[in-house]
Amino acid sequence: MATMNVLEAVRDAMRLEMRRDPSVFMLGEDIGARGGVFLASDGFVEEFGEDRVIDTPLAESSIVGIALGAAVNGMRPIAEIQFGDFIWPAMNQLVGEAARARYGTAGKRQAGMVVRVPHGGGVRGGLYHSQSVEAVLAHTPGLKVVAPATPYDAKGLLISAIRDDDPVVFLEHKRTYRLVRGEAPEGSYTEPIGRAEIKRRGEDMTIVTYGLMLHYSLQAAAQVAEQDGIEAEVIDLRTLRPLDTETVLESVRRTSKALIVQEDTPVASVGSEVAAVIADQAFFRLDGPVRRVTPPDLPPMPYSPLQEAEYMPSPIKIIRAIQQLAAI
Amino acid sequence: MPYQVELPHVGESVIEAVIEKWLVEPGQRVEKYDPLVEVVTDKVSMEVPSPASGMITKIMATAGETVPMGAVIAEMDAEDAPAQPAVAPAPQAEASALNQFDRIGTLVQDANVGPTGGVFEDTSLQSKRDAETGDEAQPSRPAPSQGRRLSPVVMRLAEQHGIDPSSVKGTGRGGRVTKADILAASAGAGASPVLPVSSRSGDVPLAQNAVKKLTAAHMARSWREIPHAWSAIEIDVTGMVHCRRKNRDAFRDLYGIDLTYLPFTVWAVAQSLVENRLLNTTWEGDAAILRARINVGIAVASKEGLVVPVVHDADSRGIAGIAVKTSALVTRARDGRLELADVQGGTLTLNNTGALGSVLGGAIINHPQTAILTTEKIVKRPVVVSSGNGDEIAVRSMMNACLSFDHRVIDGAEASGFLQEFKRRIESIDANSPVE
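The listed protein sequences correspond, in order, to chains A and B. Sequential numbering from 1055 applies to the first sequence in my numbering. Sequential numbering from 555 applies to the second sequence in my numbering.
Careful: at least some of the hints might be erroneous.
As the list claims (entries may be wrong) - Partial chain B-side listing against chain A, Cβ under 8 Å, derived: (1) S705; (2) V707; (3) V722; (4) R727; (5) G729; (6) D867.
Unchecked claim - Each computed EDC-like pair below joins lysine to aspartate or glutamate, with the alpha-carbon atoms no more than 16 Å apart: (7) A:K1253 - B:D867; (8) A:K1162 - A:E1151; (9) A:K1253 - B:D869; (10) B:K612 - B:E579; (11) B:K800 - B:D984; (12) B:K879 - A:E1257; (13) B:K612 - B:E629; (14) B:K879 - B:D869; (15) A:K1253 - A:D1219.
As the list claims (entries may be wrong) - Examples of chain A residues lying across from chain B (beta carbon under 7 Å, computed): (16) M1145; (17) Y1243; (18) R1255; (19) S1310; (20) F1337; (21) L1340; (22) D1341; (23) R1345; (24) A1380.
Calculated directly from the structure, the hints in this document are not laboratory data. Because the structure is a prediction, the values reported are computed rather than measured. The beta-carbon is built from N, C-alpha and C at its ideal position, and this holds for glycine as well.
Excised from the complex, chain A in its bound form:
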């Protein structure tokens, strides 16, 4: 076991896979000499050379398009989008092409590639460095979308993603990079894509969440257990597509109440889908409405620290939602 933060876990996973498999290579903005804007590939160009750690122009469509071309020809690219906010130029390559590669070639080609996307707010990033981009990706059949929240999950899931034969969008929450430290094995291991994990046991309600919000939800759950005696179960989705509905439903059928916590805005989001699945398949077990904690339905993450704090879900907002749902 080693103790590492999420960023170190990501770096560790990539380094182990680059050493194991020569077809793995990286491309992205400033990932070579600079080591990536978050230093995820720090030291990589020295170890693996410029042929496998490729600095690209500021052209996200090309980054993902080149990765896709390499992937359908048998390479295993890891493309880095510097910030999730800049993924939009690459959407045609991702949604229009990569997601359909298997179907479009009648199964003759597959696009085993990883697109790493630092995303999320609460980092004083303002309009252009704070977005949550998961909803449209999780909406897209043909993609897999992974959003780990802990070092252990980040490392095991990234290794799984690199070895996966389908395009995987790997969402790394920027605030967890250095905020969350935890234990993870030193060597190589995999965590299954498509499996949620119950991170805290409880019988009074089920909190479904992912990413940074997992940590806020766990804080909130610990506090209501302490002060109110409310035992909330906390499920970390970990993968947003395919969604592990089995784990969510098993839990909600047991607790009869569900609270969804996400940093993304509410409309047509991952939480919308979770709520729909619960309403569809656990309706007769519900003892209260399915509730959500999300930011307001507004376009920006504000830059002003006060407004950003008001916009983001926080442990205290989650605590209030738990108390209200428990009292129904």
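Keeping the supplied structure of chain A fixed, place chain B upon it in accordance with the hints.
Using the frame of chain A, we list chain B on its own:
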């Protein structure tokens, strides 16, 4: 036409029940919700309420018979059951005014909408008139309980347990009847049956109450299907004995219950299962399933027979939490007041045969679980203790723990791994260990 009374579904994974005792006979008049029959499932007995008022005409399942859920067990001439009360139409005035406009728009058949400008036939447009009325959204039955709002789970449980929600005092917001309220209301239903014992020429046939009957069938099945293997280990429990002695009075003051050795052993079992997941399995048909939750069953001798209430998620509880839980479960078990949820979901059973004086045992595994652990009598014995001064003889409190395991799933190595961890956990307890 006679109304058919079905055996209601009472919970997941419960597929059948034993008819314990009929409380009515043909020709008898009953009111809706009057108890008709006592049935036993998974060692919990409950009364099935009448679904309607009327005259019982025929009883089709006899006492002692095993019946699948949903089977017809009796017939009655019902006065009120089959008729569905009339439904008041939902107010339509505003909606029909808006329906004058096609607010959705119309899709044009034969339009050039294909990717290359070609024509394709869109079959999804062919029967669009069905969706236009909007009447089908009306509920097929009226909301029960005089307009009080009931959540889906409350309606379902009320129906299952034959409880009229309006008779239950609600503790939710605005007096709403919650899931917990319904479960509490249904908890009082566990009657304990006593069957007459007949005797002839000195031989006394033992009363086969349903618990005994189920236990017999269950044990026979476990023994028939599971290839049992055994392993036993000696544990030095001197520290645990001291710890219990030191904490007993304070514990009674704090929690109002006697601190026994049981919570220590349940705690150690649960923690050992965390490291040895393979023993936390159940055998389902043709393969074992690794269970995510660690639910430790405790064998309890009740007056009706052997029952196994379950401490769910025992790995997330401390010794004190387990003590409180086991104390409540054992009391309910001895009083015959266990609920279905109390006995379901066990993943490994703990059997404290030491309380009966036993020092070694080979227990039968509780199917579909794959292991059962017995903790034996604590005996003071002279043992060789190694210290810095070499070996010496000391008087220590020793206890054997015996494990029966399903050899289809668990090999000796894993069984020993679990036992060693259990031993390590127990021996790590000393007089100064916190009991919390």
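Checked hints:
This hint holds: S705 (chain B) has a C-beta 5 Å from the nearest C-beta of chain A, less than the 8 Å allowed. At its closest, the beta carbon of V707 (chain B) sits 5 Å from a beta carbon of chain A; the interface hint therefore holds under the 8 Å criterion. Taken as an interface hint, V722 (chain B) does not check out: its beta carbon lies about 14 Å from the nearest beta carbon of chain A, beyond 8 Å. Checking R727 (chain B) against chain A by beta carbon gives a least distance of about 5 Å; that is within 8 Å, so the hint holds.
Taking 8 Å as the C-beta cut-off, the interface hint given for G729 (chain B) is violated, the closest approach to chain A being about 12 Å. Interface restraint check for D867 (chain B): the shortest CB-CB distance to chain A comes to about 5 Å, inside 8 Å, so the restraint holds. As the CA atoms of K1253 (chain A) and D867 (chain B) are separated by approximately 13 Å, the hinted pair is consistent with the 16 Å bound. Simply put, K1162 (chain A) and E1151 (chain A) have alpha-carbon atoms about 15 Å apart, close enough for the 16 Å limit, and the pair holds.
As the CA atoms of K1253 (chain A) and D869 (chain B) are separated by approximately 13 Å, the hinted pair is consistent with the 16 Å bound. Simply put, K612 (chain B) and E579 (chain B) have alpha-carbon atoms about 8 Å apart, close enough for the 16 Å limit, and the pair holds. Pair hint K800 (chain B) plus D984 (chain B) holds up; C-alpha atoms about 10 Å apart against a cutoff of 16 Å. Taking the CA atoms of K879 (chain B) and E1257 (chain A), the gap is near 14 Å; set against the 16 Å cutoff, the hint holds.
As the CA atoms of K612 (chain B) and E629 (chain B) are separated by approximately 5 Å, the hinted pair is consistent with the 16 Å bound. For the proposed pair K879 (chain B) and D869 (chain B), the alpha carbon gap of about 13 Å is at most 16 Å, so the pair holds. As the CA atoms of K1253 (chain A) and D1219 (chain A) are separated by approximately 28 Å, the hinted pair breaks the 16 Å bound. With its C-beta approaching chain B no nearer than about 19 Å, M1145 (chain A) sits outside the 7 Å limit, and its interface hint is violated.
Hint on Y1243 (chain A) is violated. Least Cβ distance to chain B is approximately 16 Å, over the 7 Å limit. About 5 Å separates the beta-carbon of R1255 (chain A) from the nearest beta-carbon of chain B, less than 7 Å, and the hint is met. A least Cβ separation of about 5 Å between S1310 (chain A) and chain B falls short of the 7 Å threshold, and the interface hint therefore holds. Nearest Cβ of chain B to the Cβ of F1337 (chain A): about 5 Å, under the 7 Å cut. The hint holds.
Annotation: interface hint on L1340 (chain A) holds; nearest CB of chain B at approximately 5 Å, less than 7 Å. At about 4 Å, the closest approach between the beta carbon of D1341 (chain A) and any beta carbon in chain B falls short of 7 Å, and the interface hint on this residue holds. Annotation: interface hint on R1345 (chain A) violated; nearest CB of chain B at approximately 14 Å, more than 7 Å. A distance limit of 7 Å between C-beta atoms decides the matter here; for A1380 (chain A) the minimum to chain B is near 10 Å, and the interface restraint is violated.
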